[in-house]
Amino acid sequence: MIFGAAPWSDGEASVYRVTDVNGAYAGTARYDLTRLDEATWNLRRETSAQGTQEIVVVDMSVGEYRPSLATMVRIDSRGTEQVRTTYSGSEANLELTSKQNITTYQRVSIPSDARDQRSLVMLVRALPLAADYATRLNSFLPIVPVLDRVTLSVRGQEEVQVPAGTFEAWKVRLDTGDSETLLWVGVDAPHPVVK
Numbered sequence: 156m157i158f159g160a161a162p163w164s165d166g167e168a169s170v171y172r173v174t175d176v177n178g179a180y181a182g183t184a185r186y187d188l189t190r191l192d193e194a195t196w197n198l199r200r201e202t203s204a205q206g207t208q209e210i211v212v213v214d215m216s217v218g219e220y221r222p223s224l225a226t227m228v229r230i231d232s233r234g235t236e237q238v239r240t241t242y243s244g245s246e247a248n249l250e251l252t253s254k255q256n257i258t259t260y261q262r263v264s265i266p267s268d269a270r271d272q273r274s275l276v277m278l279v280r281a282l283p284l285a286a287d288y289a290t291r292l293n294s295f296l297p298i299v300p301v302l303d304r305v306t307l308s309v310r311g312q313e314e315v316q317v318p319a320g321t322f323e324a325w326k327v328r329l330d331t332g333d334s335e336t337l338l339w340v341g342v343d344a345p346h347p348v349v350k
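Start counting at 1 in the sequence shown, then tack on 155, and there's your number in our numbering.
Since the hints were made in silico from the structure, they are not lab data. These numbers were taken from a predicted model, which means no experiment stands behind them. All C-beta atoms, glycine included, are put in the ideal place defined by N, C-alpha and C. Warning: the hint list may mix true and false statements.
To be verified - Computed Cβ-Cβ distance ranges for the label pairs, DEER-style:
(1) Arg172 - Glu193: 50 to 58 Å
(2) Glu323 - Glu246: 38 to 46 Å
(3) Ala344 - Val299: 32 to 40 Å
(4) Thr258 - Gly159: 34 to 42 Å
Work out the full structure, taking the sequences as your base and the hints as a guide.
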């Protein structure tokens, strides 16, 4: 799989409305992208919905967007839990701290080309999306830990109206076999995720 140069810029921030399964407002999600140095992008996603706050930070390489470090902190009325993942080639080393403040460690073998699942929404923007474009990629979710083979396919082009305006967007489907996510990604640079 070939990614293009990052279409986002250092300091970019995006805020989205989160809805429940019935389409009702449930909270917000904010994505921030920061260039840490010549070799590293930092993606931060903060979600506040239905009484839970989740902060995910993923450091990933420039160009190939492979993760090196990821931290997830989840806070709700019952406490705080954290998962810290260090990626090294074909291994992911997890440090899991429960709401009872018990820390456990786990090492998981993963394909060396796996991307952190929480970064996929933004990484889609760096792919050469076009009519009938399709590809597959390995996605790792450290929380469980689960490795998925994700099929990404462009399902067409649509005009999408959102609070930020009207956009021509690619309708992109991410399919793991067990779940499906639809994204609308702007046709024009910087290819924002508009819905």
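How the hints compare with the structure:
1. Arg172 - Glu193: 50 to 58 Å: violated, 35 Å
2. Glu323 - Glu246: 38 to 46 Å: Since the Cβ atoms of Glu323 and Glu246 sit about 41 Å apart, the hinted range of 38 to 46 Å holds.
3. Ala344 - Val299: 32 to 40 Å: holds, 35 Å
4. Thr258 - Gly159: 34 to 42 Å: For Gly159 against Thr258, whose Cβ atoms are near 39 Å apart, the range 34 to 42 Å holds.
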